[in-house]
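Visitor: Line by line, the protein sequences are chains A and B. Residue numbering for the first sequence is 1 to 289, as defined by this note's numbering. Residue numbering for the second sequence is 1 to 231, as defined by this note's numbering.
Because the hints were derived from the structure by calculation, they are not lab data. A portion of the hints provided could be inaccurate.
Listed next, the in silico DSBU-like pairs over lysine-lysine satisfying Cα-Cα at most 35 Å (straight line) [what the hints assert, rightly or not]:
hint : chain 1 : residue 1 : chain 2 : residue 2
1    : A       : LYS65     : B       : LYS229
2    : B       : LYS229    : A       : LYS28
3    : A       : LYS28     : A       : LYS65
4    : A       : LYS28     : A       : LYS132
5    : A       : LYS214    : A       : LYS260
6    : A       : LYS214    : B       : LYS84
7    : A       : LYS65     : A       : LYS207
8    : A       : LYS128    : B       : LYS227
9    : A       : LYS61     : B       : LYS229
10   : A       : LYS132    : B       : LYS229
11   : A       : LYS181    : A       : LYS225
12   : A       : LYS237    : A       : LYS212
13   : B       : LYS84     : A       : LYS128
Calculated from the model, a selection of chain B residues having no Cβ within reach of chain A, i.e. all distances over 10 Å [unchecked claim]:
hint : residue
14   : ILE14
15   : SER78
16   : ASP117
17   : ILE214
The beta-carbon is built from N, C-alpha and C at its ideal position, and this holds for glycine as well.
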Amino acid sequence: MSTTLEITNLSKDYGDFRLDNISFSLPKGYVMGLIGPNGAGKTTIIKIIMNLIMKQSGAVKIFGKDHQKFEVEVKKRIGFVYDTPNFYEHLNLKQLKNTVAPFYENWDERTFNDLIDRFKLPLNKTLKKFSKGMAMKSSIAMALSHHADFIIMDEPTSGLDPVVRRELLDFLRELMVDENKSILFSSHITTDIEQVADYITYVQDGKLVFSKTKDDIFEEYALVKGGNEMLDLDIRKGFVGVRTGAFGFEGLTNNLKETKELLANNVIYEKASLEDIMFYTNLNLKTAY
Amino acid sequence: MWQLILKDFRVNWIYQLLSLVLLFLISVLYMYAALQTKSSVDPDIVIYFMVVLLSTGITSFLFFCVDEISNTNEIIASLPVSRKQMVTARYTTTIVQVLLALGFHFFGGIIGAYLQDGLDSDILMPIYDFRLWVTIAFIVFIFSSYSYPLLYRFGLFKGMLIIGIGHFVLYAIFIIAMILHQTVWGSIQEVIFWMLNLSEWISLPVFITVSVLIMFGTLLTCINIFKNKDI
């Protein structure tokens, strides 16, 4: 299986924030969700991949090639969707398209027009009059009109109303049908990621918590609920994070098999959502500090 | 890289047109007013060329300013272009903008004179001298050459501040040196007159060569700065 993106030991130090030794890879034809709370380092990782920010150490390979040495060649095959589409706001969409299209040999006017029709975007309205949803849709139309093999989206759904968000996620699902396209999609809205991603990479405070397939994550992680009397120190240690209340405890395990061996049927096991995983991992890190 | 150059003119044509029209009007009005009072060549024409020099110098940063203010470097850098191409294209568009600005100034001056029916006035003689325009163009190129590394290194506002303070300090030193050390000023004057008295076929090519070398040197410096810069 060939890899579209391979990141090895990536580090970047800002003084007050450090992206620390991040490694993960995305196989060709899959969707990866990059999750983490605000300020976790998601945008920094994406900007390093796009060579907008310089890495301090580590390697980034896209389509098996170094992203800096083969920058132009690699970027021809990438469609990039920004978190805040800072386009030239005095232009209209048609003028913007006329500016961007000549940079791509594979620009497909028909695909662009289809997407514009589908997203119901006005070609002659200035971009400063676009809503956030329209700006995001135009950014997506731009990113997909040159038949990119690798689509990178930085928080594409944040700030969008539920209807537009749903439309966008449906559209991503359609894109996933094409087995040659890989997608890296960052968001702190975990439900969006759960719907579309095959792989999930979770970063927190600049550190990699995990990078696994969604199936593996939901096999390994689970919510465990039981009485407080069961919660001794050894059992507590086995959880990623635990919350206790008057009626018992709720904890997150990242080793469901082992926890089941230990606690058997004396507790209740529930499927953990990505939000649960983020919440309890965050809780654990806070306790550790 | 060709696309990057075209991009600057496509995207910023409205700002460019406004700046060029402004320069054109400055020249029309200045020349119209200068000929109305029937002034002598000096100092009016000297002041005119100072205005041309300053206004052209300022507008040479037009494209850089628009991209920095509208924060669009991120978008451009995500297109299939290298940082080296981005900086080289910026230098190229600056050269084109300077040449256009001088062209608009030239025709503005001529039209201003025509409106006063003074196309054959003595004041206009230096305006018809192409060497003067070439010299001004290359002075602006030198100005851009040492300004761009500062702008790329420190960004638009900090960079402009450093350039402004740097100029002020240099002028202050120059004036103080003039007042306090007549001998130093005398030597500077001697050098200036020696250069002016050189044959135009020696001084102009030497000046152009030195300017081009300075531009090339600072282009490489800017590429180096921009290659390692976070956008």
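Visitor: Next step is simple, just say for each hint if it's right about the structure.
Guide: These are the hints, each one checked on the structure:
A threshold of 35 Å between alpha carbons decides the hint, and for LYS65(A) with LYS229(B) the separation of about 22 Å falls inside it, so the pair holds. Note on LYS229(B) and LYS28(A): the hinted pairing holds, with a Cα-Cα distance of about 30 Å set against a maximum of 35 Å. Straight-line distance between C-alpha atoms of LYS28(A) and LYS65(A) comes to about 14 Å, which keeps the hinted pair within the 35 Å bound. The suggested pairing of LYS28(A) with LYS132(A) holds, with an alpha-carbon distance near 30 Å, which does not exceed 35 Å.
For the hint linking LYS214(A) to LYS260(A), the alpha-carbon distance of about 21 Å falls within 35 Å, and the restraint holds. Restraint check: the Cα-Cα separation between LYS214(A) and LYS84(B) comes to about 40 Å, which exceeds 35 Å; the hinted pair is violated. With a CA separation close to 24 Å, the supplied pair LYS65(A) and LYS207(A) stays within the 35 Å bound. Our distance criterion of 35 Å between C-alpha atoms is met by LYS128(A) and LYS227(B), whose separation comes to about 31 Å.
Restraint check for LYS61(A) and LYS229(B): satisfied, since their Cα atoms lie roughly 20 Å apart, inside the 35 Å limit. Our distance criterion of 35 Å between C-alpha atoms is met by LYS132(A) and LYS229(B), whose separation comes to about 29 Å. Our distance criterion of 35 Å between C-alpha atoms is broken by LYS181(A) and LYS225(A), whose separation comes to about 40 Å. Restraint check: the Cα-Cα separation between LYS237(A) and LYS212(A) comes to about 23 Å, which is no more than 35 Å; the hinted pair holds.
Straight-line distance between C-alpha atoms of LYS84(B) and LYS128(A) comes to about 30 Å, which keeps the hinted pair within the 35 Å bound. Distance check on ILE14(B): its Cβ comes as close as 7 Å (rounded) to a Cβ of chain A, failing to clear the 10 Å threshold; non-interface status is violated. Residue-level check failed: SER78(B) sits 5 Å from the nearest beta carbon of chain A, not beyond 10 Å. At roughly 41 Å from the closest C-beta of chain A, the C-beta of ASP117(B) stays outside 10 Å, upholding its exclusion from the interface.
Interface exclusion of ILE214(B) from chain A stands, the closest Cβ pair being 28 Å apart, more than 10 Å.
Going through the hint list in order, the structure does not satisfy hints 6, 11, 14 and 15.
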